[in-house]
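Undergrad: What follows is the residue order along each chain.
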Amino acid sequence: MLRQFFLTIFSGFIMTCMAQLNPMQKKDAENVRQYIAEATRNTTAIQSEFVQEKELSVLSEKIISKGVFYFRKENQLRWEYITPFNYLIIINNGKLLVRDGNTENRVNIQSNKVFREINNIIIGAVQGTLLNDTKNFQSSLFDENSYYLCKLIPVNPKLKESLSEIWLYFNKTDYTVDKLDLRESSGDYTRITFIAKKLNPLLSDEKFSVR
Amino acid sequence: MKNFLCGSLVLLLIYACSVSKRSAGPEQLSGIHSYPFFISDTFDKALYKATLDIKNQHLSGFLLIKKISDSVHRIVFANEIGMTMFDFGIQTNRFTVHYIFEPLNKKILVRLFEKNFRQLIFNDGPDNVNPFLRVQLQSEGQPDQVPDRITIVNPGIKMSMVLTLISQ
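Just so you know, the protein sequences line up as chains A and B, in that order. Everything in the first sequence is counted per our numbering, starting at 1 for the first residue and increasing by one. Everything in the second sequence is counted per our numbering, starting at 1 for the first residue and increasing by one.
Warning: the hint list may mix true and false statements.
Where chain A lies over chain B, by a calculated footprint (3+ residues, C-beta under 8 Å) [said to hold, decoys possible]: (1) 38–52; (2) 60–74; (3) 82–88; (4) 151–158.
A few chain A residues facing chain B, derived, Cβ under 7 Å [claimed, not checked]: (5) 57; (6) 85; (7) 183.
Quick caveat, the hints were computed from the structure, so don't treat them as lab data. All of these numbers come straight from a predicted model, not from anything done at the bench. Quick reminder that beta carbons are idealized off the backbone N, C-alpha and C, glycines included.
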């Protein structure tokens, strides 16, 4: 009786999991990947606000930050936290600037092996090859209610120690990212939700200045 | 765009996780004070903006101090992107490392973190026997309230941590 009870509970749990997350058929997944690659090709610039929630599951706490980000092809990014404090990161063609309050820190990505490798990942990403980049990530696609969910597992063991998976949630209409999770092996994760997203806006050079 | 976002975030993550160089050393403290703010009945939690300098390496982000029970406090340091750098549990007679980012996982550093947080939370006296474990702690704010700003310096190993209160 007890065994039957647990079996029922267990199968109910499995079915709930399956209902929430349906791995996509190979052909459907290929189609979605193509649409995503096309959206990537057609996007030359992005401007968006974001909300970042760091979930500390054991402590039942959330740390919430908000900010804006700008991207322009090929390799320019401005990622700016506005609350609870100002913190700015700019990447511009091999150079990186971090401004924390009044302190500025500049790094030449090209002179640093780690940054150079990361930069190569970005270029691969902009060219639309990251999801197929089996050298750096294992990727799989799921049909999850209102999103296509792409799970990326880093191949690099050092990266994997800090970051077990990246989950990207794609809008089913325009195939752009609406939110993403950076998941840690502890079970904690950081969720970044993009709001008021604008595709291909005109952005000034000033936004990406690292001087 | 997905690819861009993914790549960018990987870069941000690794940047935030990596330890960058900075020339400035720890500042000299003008006074040394410590109060047992964090074990009072009224204390629940405090979120600080945190910077941590170890020799010429620099890390920054959030530090959360939360009272789990009358005897247990949890201290979590995460970078701006949200990746956990360390997560400690501290009691009067016990110190638990729930997680520590591998480059920080050095025996002497963990002992120093324990010493620092033990003094901050329980107002334990400094260790005068081992010069490497010397702790200078300075706080600003009302004496009977959670401090607005805390500076912890370990001159023996050139480590300093500055905490600025965000919320409680």
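Undergrad: If a hint holds in the structure, say so; if it doesn't, say that too.
TA: To see whether the hints hold, each was checked on the structure:
Counting residues of the segment 38–52 of chain B whose beta carbon lies closer than 8 Å to any beta carbon of chain A gives 4, which meets the minimum of three for the stated coverage. For a cut-off of 8 Å, the count of residues in the segment 60–74 of chain B with a CB near a CB of chain A stands at 6, and the three-residue condition holds. With 4 residues having a Cβ less than 8 Å from any Cβ of chain A, the segment 82–88 of chain B passes the three-residue criterion, so the hint holds. For a cut-off of 8 Å, the count of residues in the segment 151–158 of chain B with a CB near a CB of chain A stands at 0, and the three-residue condition is violated.
At its closest, the beta carbon of residue 57 of chain A sits 11 Å from a beta carbon of chain B; the interface hint therefore is violated under the 7 Å criterion. Hint status for residue 85 of chain A relative to chain B: holds, with the closest Cβ pair at about 5 Å, below 7 Å. At a threshold of 7 Å, the smallest CB-CB gap from residue 183 of chain A to chain B is about 10 Å, leaving the interface hint violated.
Going through the hint list in order, the structure does not satisfy hints 4, 5 and 7.
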